[in-house]
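There are 2 protein chains.
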Amino acid sequence: MSASTAFSTPVPNRRLFGPGPCNPYPEAQLALGLPLLGHLDPEFITRMDAVCDQLRRVWGTENARTLPLSATGSAGMEAAFVNTVHPGDVVVVAVNGLFGERMVEVASRHGAEVVRVDHDYGQPVDAERVLSAHPNPQMICAVHAETSTGVVSDIAALGAGKGDALLLADCVTSIGGMEINLDEWGVDLAYAGSQKCLGVPPGLAPFTINDRAFERRVEKPANWYLDLGLLGGYAVGATGGQRTYHHTAPTGMVIALQAGLDRIEAEGLEKVYARHAAAGKMLQDGLEEMGLELFAAEGHRLAQLTTVRVPDGVDAAAVRSFLLDEYDTEIGAGTGEYAQKIWRIGLMGHNATEANVTFILAALKRAIEVAG
Amino acid sequence: MSASTAFSTPVPNRRLFGPGPCNPYPEAQLALGLPLLGHLDPEFITRMDAVCDQLRRVWGTENARTLPLSATGSAGMEAAFVNTVHPGDVVVVAVNGLFGERMVEVASRHGAEVVRVDHDYGQPVDAERVLSAHPNPQMICAVHAETSTGVVSDIAALGAGKGDALLLADCVTSIGGMEINLDEWGVDLAYAGSQKCLGVPPGLAPFTINDRAFERRVEKPANWYLDLGLLGGYAVGATGGQRTYHHTAPTGMVIALQAGLDRIEAEGLEKVYARHAAAGKMLQDGLEEMGLELFAAEGHRLAQLTTVRVPDGVDAAAVRSFLLDEYDTEIGAGTGEYAQKIWRIGLMGHNATEANVTFILAALKRAIEVAG
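If you read the sequences in order, they're chains A and B.
Everything in the first sequence is counted per this note's numbering, starting at 14 for the first residue and increasing by one.
Everything in the second sequence is counted per this note's numbering, starting at 14 for the first residue and increasing by one.
In isolation and in its complexed conformation, chain A is listed as follows:
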């Protein structure tokens, strides 16, 4: 037996102000205490259909094939590429952070000829450069909200010029925290995660694909678990198809996602987005008032995830440890070469409040003074 068990050691009550997961909406966590349903139970299927509708509204899409995949956000990326990339397809990837890099890696694994369009970290995607990178690509890919740099990019500009290509958008950090209009923007397929601005624990990857992309899909992809052809039978509310057994859905998590989406819709999407915007603006203003320098390019900063440069001479990791150990507060390090150079402060979902901004500004100031 191990020395400690799930309940024998106190679980610290963290403020999750890093790049995600965030503290869930209370309703989403409470829903995990509801009686568990079987994955073929009519009551579960009704709720799954409701969740798919809710996801359509949050994403601004009418895609029939919109559902939560039974895995975390990165599996959404995997599903996007394994289902659509035919060997030798030209895939243009806008790389302006870690998740663009990951798209290059995953698309390559599935046999794509990847044309990467590199940007400086901290900069948004340059649609013109991306669109002119290849005359006739099969797919164009970009991250809407780059979790590694705190930058938002203009996906609609890519949609306007995509031509015959499919457009794939990573919405992991944008969904639930800012307006998204996939159909209007010309996005053909997209994926997200439950654990950021949707305010639900990690474990599900919302996914959507339109008819145009679905018709071009790989007939039998090298992935049974994420085969959208098979998953069609798993969540088919809007396609009118026959519901078939594919795998055991994480039923409890789906109900938690329902509760999180209920919460967001009850507050109102516009109000939720305004709350994120206000908290992010207040945080960013406050950091600059403290003399700190923001990392993401001005005018392209995410409200829900702020990146800020570590001041010269300050020990970035020591500040993070102080916050975690003394204040039960998590903020994120940068990724890769930026690990010691930036901090990432997320105020997502339930956490996007003025009270939390007031706290984190004061706490960071104190941490830099004491531990930095």
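Hint data in this document are derived by calculation from the structure and do not stem from the laboratory.
Heads up, some of the hints might be wrong.
A pair holds if it fits inside one copy or across any two, identical chains being indistinguishable in the list.
[Claimed, not checked] DSBU-like cross-link-like pairs, simulated, lysine-lysine; straight-line CA separation at most 35 Å:
{"#": "1", "residue 1": "Lys233", "residue 2": "Lys175"}
{"#": "2", "residue 1": "Lys354", "residue 2": "Lys284"}
{"#": "3", "residue 1": "Lys233", "residue 2": "Lys354"}
Quick caveat, the model's predicted, so the values are computed rather than measured.
Take the given structure of chain A and dock chain B to it, following the hints.
The following block gives chain B in isolation, referenced to the frame of chain A:
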């Protein structure tokens, strides 16, 4: 807005007596109410390491690479094949139910030359036939506890004769409900699910692979999310490697798994297995006393999942609907051609009690009389 929300419609409190998920151990569900931890939090990492140790004990293995994958059980099957099958590898699959069939499908997708060894449904795997099916296969695969038929097979007999081949065992329905000794049996890799006898909601796929299999792995499999080479950095307690970020773990689910495993170890593995055995025996005896015919071959019946033939002239689906609608009780249909021919009654994890047997026998009798 949809008419109903997560909380506006009552969630029925089902007795989940089908093939899974089952009603979780109360401790496992309660753990989902604990404060959420970040996936890089030292406290989470300590708990993840504890869970990996617990899984080793339940599985009877010392494999360093033992961890819960961030998806449901079928993703465990996917991970097993995508990481080990090189194009053209000969993979012998014992097929005695739906999950053997699925192994054929998944192995084929990853380029294996599959040699399938078919058995009548309801019969255990015939080790002699499987071992003589090919002179020198790269892999031999079998399901320990076939969820579709209620049959247990002798995995040790396959291990004893596997030669140079790798041996893969599907332990989705066996883990936590009966003794498993992977190392002693000669199993090289195995996968399971959280939602059956481990008594935890669905969402995680326990996975284990020994050094011998890991050394033969595919260097860069066609699956980034389930690449064991990358996951090595994600849960490395026993390998002593560097912990690296791969994907966001479903942290809440991992703590729920910890609590479920705590519960099982606190009761004692032997007592838990004896409880499952006693409940299954009592159920099977009771069904025969009612004049019903068990489906699985005598001497090879799972205790945790009982298959029983639908009597002639009885409407199988109507009986299931009656139980669900009137008694909030779920039992399973058969799969494929057995959909109307058998019922599957699971008493797994927290549900494996004499009280539940007494209830389900009486309820089934009543349902057959009233609705059948």
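- Message: Flag every earlier hint the structure violates by its number, smallest first.
- Response: none
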